[in-house]
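Chain order of the listed sequences is F and V.
Here this note's numbering is used: the first residue of the first sequence is 18, the next is one more, and so on.
Here this note's numbering is used: the first residue of the second sequence is 18, the next is one more, and so on.
A couple of the hints might just be wrong.
[To be verified] Below 16 angstroms or equal to it, Euclidean Cα-Cα: the simulated EDC-like pairs (lysine to aspartate or glutamate) are:
id: 1; chain 1: V; residue 1: Lys271; chain 2: F; residue 2: Glu296
id: 2; chain 1: F; residue 1: Lys361; chain 2: V; residue 2: Asp294
id: 3; chain 1: V; residue 1: Lys271; chain 2: F; residue 2: Asp294
id: 4; chain 1: V; residue 1: Lys193; chain 2: F; residue 2: Glu187
id: 5; chain 1: F; residue 1: Lys271; chain 2: V; residue 2: Asp312
id: 6; chain 1: V; residue 1: Lys271; chain 2: V; residue 2: Asp312
If you are wondering where the hints come from, they were derived from the structure by calculation, not from laboratory data.
Protein chains: 2
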Amino acid sequence: MTSLTLDPSGQFLTLTIGGEALRFHAIWLRDNAGDPETRAAGNGQRLIALRDIPADTKIDQAALDGEQLNVSFAPEGKTVGYDLSWLAAHAYDRPAPAARGWTAPEIETWDADLMDAVPCGDFNALSHGGAALTDWLGAVTRYGFGKITNGPVEDGALFRVVDLFGFIRETNYGRKFEVRTQVNPSNLAFTGLGLQAHTDNPYRDPVPTLQVLYCLESTAAGGENMVVDGFAAAQRLRAENEQYFNVLADHCAKFEYSGEAGVCLTSRRPMIELAPDGELVGVRFNNRSLAAVTDVPFDQMATYYAAYRRLGEIIDDASMEVSFRLNPGEAFIVDNTRVLHARKAYSGAGTRWFQGCYADKDGLRSTYDALRRDSALEAAQ
Amino acid sequence: MTSLTLDPSGQFLTLTIGGEALRFHAIWLRDNAGDPETRAAGNGQRLIALRDIPADTKIDQAALDGEQLNVSFAPEGKTVGYDLSWLAAHAYDRPAPAARGWTAPEIETWDADLMDAVPCGDFNALSHGGAALTDWLGAVTRYGFGKITNGPVEDGALFRVVDLFGFIRETNYGRKFEVRTQVNPSNLAFTGLGLQAHTDNPYRDPVPTLQVLYCLESTAAGGENMVVDGFAAAQRLRAENEQYFNVLADHCAKFEYSGEAGVCLTSRRPMIELAPDGELVGVRFNNRSLAAVTDVPFDQMATYYAAYRRLGEIIDDASMEVSFRLNPGEAFIVDNTRVLHARKAYSGAGTRWFQGCYADKDGLRSTYDALRRDSALEAAQ
Chain F
18 MTSLTLDPSG
28 QFLTLTIGGE
38 ALRFHAIWLR
48 DNAGDPETRA
58 AGNGQRLIAL
68 RDIPADTKID
78 QAALDGEQLN
88 VSFAPEGKTV
98 GYDLSWLAAH
108 AYDRPAPAAR
118 GWTAPEIETW
128 DADLMDAVPC
138 GDFNALSHGG
148 AALTDWLGAV
158 TRYGFGKITN
168 GPVEDGALFR
178 VVDLFGFIRE
188 TNYGRKFEVR
198 TQVNPSNLAF
208 TGLGLQAHTD
218 NPYRDPVPTL
228 QVLYCLESTA
238 AGGENMVVDG
248 FAAAQRLRAE
258 NEQYFNVLAD
268 HCAKFEYSGE
278 AGVCLTSRRP
288 MIELAPDGEL
298 VGVRFNNRSL
308 AAVTDVPFDQ
318 MATYYAAYRR
328 LGEIIDDASM
338 EVSFRLNPGE
348 AFIVDNTRVL
358 HARKAYSGAG
368 TRWFQGCYAD
378 KDGLRSTYDA
388 LRRDSALEAA
398 Q
Chain V
18 MTSLTLDPSG
28 QFLTLTIGGE
38 ALRFHAIWLR
48 DNAGDPETRA
58 AGNGQRLIAL
68 RDIPADTKID
78 QAALDGEQLN
88 VSFAPEGKTV
98 GYDLSWLAAH
108 AYDRPAPAAR
118 GWTAPEIETW
128 DADLMDAVPC
138 GDFNALSHGG
148 AALTDWLGAV
158 TRYGFGKITN
168 GPVEDGALFR
178 VVDLFGFIRE
188 TNYGRKFEVR
198 TQVNPSNLAF
208 TGLGLQAHTD
218 NPYRDPVPTL
228 QVLYCLESTA
238 AGGENMVVDG
248 FAAAQRLRAE
258 NEQYFNVLAD
268 HCAKFEYSGE
278 AGVCLTSRRP
288 MIELAPDGEL
298 VGVRFNNRSL
308 AAVTDVPFDQ
318 MATYYAAYRR
328 LGEIIDDASM
338 EVSFRLNPGE
348 AFIVDNTRVL
358 HARKAYSGAG
368 TRWFQGCYAD
378 KDGLRSTYDA
388 LRRDSALEAA
398 Q
């Protein structure tokens, strides 16, 4: 049962839906009107600016009509209908998040227990789109990484992975880069030992938000890929020591890479990035490219380093890690704003050839959401 | 005169340089050591992780030696030298910024007064690199936009602008998009009127951080391009009403575009984006793609809308605006995280053909900083 009351001021109305009282302001309702003079029917873009809506807009009348709410606005004398289901889905009369470090509802954090259920898609099935692609993109969205199997074993095949959902982010490393090592046993100590899990290119702003690593040759023993959920690590840090979490979220680190001619990349961003309301939106962690941190006050620096050390220990904890071995024609993708990756040491003779590239999350999320929208429309028809 | 004291705890030392006392922690000094076991001589990347440095690291001994500070660390028994000039440049023993909304030192905010000094580069001069390119990239960094003149009049010429400093950000709109309108006087009212200055693609995360708009035909009267410094607008909002600034910085807006098949782009980011320490790092403003804002609590929503309205009024204020007309072979670039742009109405018959593309700031800043570094190295030789 839905009921409606209009505040005498005309500034807001209250809808009571399923026992929950939801207030909506006059100006919010007017700005979010869906009539064809306010929103383009074709592309859904708003046709007017806020300056076109009178500042003294009030609700003159409001009435329920089945599953619709009709609202008349003064001084415009304009009446607009709203679906009650749309209003319920977009209600804002709710308490703000209390604690920092929460994650979006479409995200699920994980630890080593995910090893038995690594999200994986078959390249050929994914190439046909539909449910297989939707499911895989959903898993990548949820877990921040995913594997692909049965792909072609050919130079540049990784571009066909990105073609599934979006676009390459080209950088000074090229549209793709080679991770091709002729394993030399005398140098074994240097190939993997001491390579801590990290996010790529934190010295770039914006960072590349996705990375694809694609296996073309792998006859060397070892060399497994490993991933750690940076959001899970940050939340564990917070659970252990809120001060540690806060000091890393409240101060900017600095990152730098200038290891080749013509390149001098620097950034100033926190290791743990929060939205203004505390949503965990990014992790940057890379010991190799951390520059001198100069934006932490003296009286916070010892705590900052203790927190950075503890975050590293959590990231190094085997209970956080998921590892897998890629064979030729297999690849994985990581959300580089969230999931850290590393490569384990080689342990034998042979070759290992990977290609890597960067892409961005906006394309992946857009493709996923459009597939779900289209699927819901089909189901409704 | 530089003097040095070591705290008896061994936790920090104090350098007094030019009358300023600067404290440095043992762990910070050790982590930022530049010796070849800590940092790769070639690319400058750190070879060790924090886990390789003992948690109980202390300063055992410290001594000045000319322009160098030598520090011995326990328990490693390792001695490292630091240039005093490097330490002074990276000192962190300074008060944290007091007010929100400050901008980086390399940035200069502006208003309509900049009309007489629009940053401009000659395409041919820029193509030769060197001082002309350095100066232009510096101006774009400082002001967040810049013009180019004397470029080729040919399809795709805008890619040659991006080649000067970085890489295209390809999106669902392609590597470039056409802004080609056969002006139809009967539709004049719709071509420019009501098009408010905006940032592009706020529904994308990360947003494209640079945009290039390149003129290939322009025989129609009118159609001037207009830019507004979003950082100046945000700072003016703060000066007028701190509560307005805060409500836009402390809550996420939502943006959406789903106007074509296979595309459903959404983002949740604030209109005014600050770093954790209050640095102004981004502005998102676009009435056409603002979705229903649902992350502002009920008791803040009226203030939020009042603040959004006032920010729009400031952006619309002619005293904030710089406008210029582009002729074929001319282009402009904007920092899309900071500078809003708009196109004025056409006022006659004729054609107008622009091409647009996106790119990212990391490449531009890297090229600029590398040019300055190389130039400084040359000057020193």
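Hint-by-hint comparison with the structure:
1. V:Lys271 with F:Glu296: Holds - the C-alpha atoms of glutamate 296 (chain F) and lysine 271 (chain V) are around 14 angstroms apart, at most 16 angstroms.
2. F:Lys361 with V:Asp294: violated (37 angstroms)
3. V:Lys271 with F:Asp294: holds (13 angstroms)
4. V:Lys193 with F:Glu187: Holds, because 15 angstroms separates the two Cα atoms, which is no more than 16 angstroms.
5. F:Lys271 with V:Asp312: violated (30 angstroms)
6. V:Lys271 with V:Asp312: holds (8 angstroms)
Violated hints, listed in ascending order, are 2 and 5; each of the other numbered hints is respected by the structure.
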